[in-house]
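J.: Here's the letter readout for the chains.
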Amino acid sequence: MLLTEERYNIDTLLLSVVDDNQANRLTMTSELEYLGMTVRPLEGPFLSEDAAFAAVYSQSKAVICDHHLSQQDYASFSGAQLVARCYREKFPAVLVTRYSSDVIEEIRPFRHLIPALLTPKDLTDSLDNLHRVLTTCMKEVFLGQFDSTRRPWQTLLRVEDVDQDSESVFFILPAWDAPDGDNAIKIPLSMIPNELHQYVIPEARFFAKVNIGAERHEDIYIKDFEFRG
Amino acid sequence: MGFDQGILELVKNSYDADARRCVVELLEVGQPGGTIKVSDDGAGMNGDQIINGWLILGESRKSTTKLTKGGRYPAGNKGLGRLAALRMGNCADLKTVADDSPDIQYQVRIDWDRFDEAQSVEDVDLDVTQEKTSDRSASGTEITIIGLRDRLTRVEVKRLARGMLLLADPFKENPGGFQPILRAESFQDLEQLVERRYFKESEFHLRAEVTGNGEASAVVIDYSGKILYQASHGALRPKQNTVAYKLPSLQFDLWVFIINQQTFATRTTSLGAVREWLSEFGGVHLYLNGIRVSPYGNQGDDWLNLNLARVQHPEFRPGTNTSIGRIAIDDGGQYFVQKTDRSGIIENEAFLELKAFTKDALDWMARERLREAEYRRANNRVESTEKVRRERETVVATLKALPTPQQIVIQESFQRYDQARESEASALRKDVLLYRTLGTVGIVAAVFAHEFNRPLDLIIRNARLVERIARELLKDEYEHSALKEPTELIFAQAALMEGFQDLTLGFVEQDKRRNRRVDVYTVIKSVIKSFKPILDERHVKVSTQLRPGKPYLRGSAAALEAVLANFMVNSLRAFQERQVGNRQIVITAEFADKRLVIRFMDNGPGIESLGIKDIWSPGESGYERGTGLGLTIVRDTIRDLGGTVDALAHGELKGAEFIVSIPLLGF
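Residue numbers (our numbering), protein chains in the order written: chain A, 1 to 229; chain B, 230 to 896.
It is worth saying that the hints were derived from the structure and are not from the lab. Quick caveat, the model's predicted, so the values are computed rather than measured. There may be inaccurate statements among the hints.
[Said to hold, decoys possible] Here are the simulated EDC-like cross-link-like pairs (lysine to aspartate or glutamate), alpha carbons at most 20 angstroms apart as the crow flies:
hint	chain 1	residue 1	chain 2	residue 2
1	B	LYS741	A	ASP102
2	A	LYS186	B	ASP748
3	A	LYS186	B	GLU738
4	B	LYS568	A	GLU195
5	B	LYS754	A	ASP182
[To be verified] Cβ-Cβ distance ranges computed for the label pairs, FRET-style:
hint	chain 1	residue 1	chain 2	residue 2	range
6	B	ARG316	A	ILE201	44 to 52 angstroms
7	A	PRO202	B	ARG619	47 to 55 angstroms
8	B	LEU256	A	PRO202	31 to 39 angstroms
9	B	LYS401	A	ILE201	25 to 33 angstroms
10	A	TYR99	B	ARG746	51 to 59 angstroms
11	B	ASP869	A	ILE201	21 to 29 angstroms
12	A	ALA54	B	GLU680	26 to 34 angstroms
13	B	ALA711	A	TYR99	29 to 37 angstroms
We treat Cβ as the ideally placed atom computed from N, Cα and C, and that holds for glycine.
Kindly produce the complete structure, drawing on both the sequences and the hints.
T.: Dropping the structure here:
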């Protein structure tokens, strides 16, 4: 399978837009249409993730999905969950959101299943940028080819701190050349398999698959934890 | 070696012999000539073991790393302690029945007088006799030390009791556990101490249960047996009210101790003894179908993460050094499965559910204790107000009893004092109100900052779309069109609003409040970046002169940000007071010993409306609508970081200058 096939021609790609806010849907649609894309905003509401995926799959070839979908009774699941579902079904999906540390934490458990995460402004900044994002997404989803910022590597992590209140763990990733030198990542404890929880204490070391080529904190994903004692 | 050490050595020998019970009897020990008897139901010894083991000193057949048959790590030593104990009396009798020959009792008597009379040790024969027992007796050993050379003091017996406690299994129900018993008529309280352990020194006893149908309940009792808090199933797992625990019936008991000098000041049990006991046995032990399961509750084991939770809330959370507990489960082998190597229980769904249940119970207890503390705090406030009123009435009534001339003088004095105190109280009440108001403003701002972001983002994006379409349609004419300037204005103002939103949201990020290693220069740069939209809008140039390095300290980024943000706000306000023409803020950082000295200076009008010492006090503001709290927050925050802060009314740039000196962990 190659991306040169007609159905993967970005210029003729039909994009759906999933967003609970009508003004957002309209704006995103206008921006994408301005860049020459054919766009179908999905009005919703969607009573389940299955229903949302079915709608996206049947009406488009790729989806641009906002993360917050529950504020206006549009859906009970998040955009991150829907994009992760699309990934598993080998359907190209891009997640858009305005970043804050809370949002990044919500997204983190699914990050390995989200090939592209951008702000709406960045996504529609230029046609080249949009093409690049969609191509990267499709290569990963269809061909299993990872961008250098997305490729997983077996790496060592060290527990820096555990926050019982928020049930989160702060890991230091020594092998990651973090942009500001701060190579600490916060993840929910639920991302670590239950049977390993007893080992999650400060200074404990784990192995996991991490995309240490990532250039931003929000792009880091961690999966397949191992504890070797 | 003290008497207690010697006898304890005999008790340890019983422990190493896998005894379940070991009874130490002290008979008429209050004067010389008394008797000590140590008897146990351990493995006993046969003749060979007596001759080649027990009677040989300085050489022990026991390896400290090899477990006993019963799986215990040997506690005893190489025999010298045993010698010291046996030497305490004129003679020592040993009677023992070995588990491999239960119909024979071996005996030997050591008469020390014979040794004293002999030229050398070899001259004294030690006969190990044996006789058939009338029935097949259980194995065990009895050592009797007769004719004690000295009396035993209470201090020595207490030390013995304490030593026995450190060997005893804390929970008597453990069939494999070691249960030493002290019988000492003259020291009945110490007898009871060994019997009951230190449980009665606990401050709280949590008992949480799950019934056969998965419904839970819990109760917390204080040291006197009074019920403090109670919870039904719904209160224990509030998020999943109706979901029963997928567990068999079980009981979780936890005794929580308050380990500080103040609590133990008036008790007969010493803080050190309890601390030592908890250090040995603290934590939660697991009993499955009556058998204790390792390693749960072993020394250093914290399988329920008590210590982690305690780090977050030391006042309301027990740790393994301040509590001891037990979970007793009878599941008939249906739910829990031990690992084949006996290193614990397989972490299946039931085990995880068990951990969830104990967490729910502990979280509930912490919540109740917090709620009670808050309630007490609120009551204290009410009570103290009432108390002040009553005392005042007492003073006034007392004054009336004085002779008139004195009454007048003292009354006037008291009135002035009263007014001054009322002024102070009033100022403090205003501060509290202001803090609460600011706190509410902060909360609302944080909540709505998220909400403002969406329409703001849409404004910017649609403005950009308009600009792009306009450029496409007008091509080169766009630059001179009437659309350009308003569009650019929209962008600029929207960016400014975004800056304000990000600034607000940036300060309430939860992670910044976490106590961790903080890179100081990163925080300085982050604050400057956050304020950039406002600084640009107000034409303020910020420059830094930071000594090369990576200074860091232990604290929260939020604390340091608060300091710098308050300085920034002060400078921005000051610039409004007087035209400067070339607004500047300079931030420098230098190292001095193991401290970082940060100077924050501007070229504004300086500090003129307030005395330099008054600027730190709450409520003192140089601005008409100022809160007067910014620099108070700075002062308190720097103090919490272990540093100092000073101010110059007119510093190097002629405006206000603040000098912060904070200790560092490293460079």
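J.: Now look at each hint and say whether the structure bears it out.
T.: So, going through the hints one by one against the coordinates:
no., hint, result
1, B/LYS741 with A/ASP102, "12 angstroms, holds"
2, A/LYS186 with B/ASP748, "17 angstroms, holds"
3, A/LYS186 with B/GLU738, "13 angstroms, holds"
4, B/LYS568 with A/GLU195, "14 angstroms, holds"
5, B/LYS754 with A/ASP182, "14 angstroms, holds"
6, B/ARG316 with A/ILE201: 44 to 52 angstroms, "48 angstroms, holds"
7, A/PRO202 with B/ARG619: 47 to 55 angstroms, "51 angstroms, holds"
8, B/LEU256 with A/PRO202: 31 to 39 angstroms, "53 angstroms, violated"
9, B/LYS401 with A/ILE201: 25 to 33 angstroms, "32 angstroms, holds"
10, A/TYR99 with B/ARG746: 51 to 59 angstroms, "24 angstroms, violated"
11, B/ASP869 with A/ILE201: 21 to 29 angstroms, "27 angstroms, holds"
12, A/ALA54 with B/GLU680: 26 to 34 angstroms, "31 angstroms, holds"
13, B/ALA711 with A/TYR99: 29 to 37 angstroms, "35 angstroms, holds"
The structure does not agree with the numbered hints 8, 10 stated previously, though it agrees with the rest.
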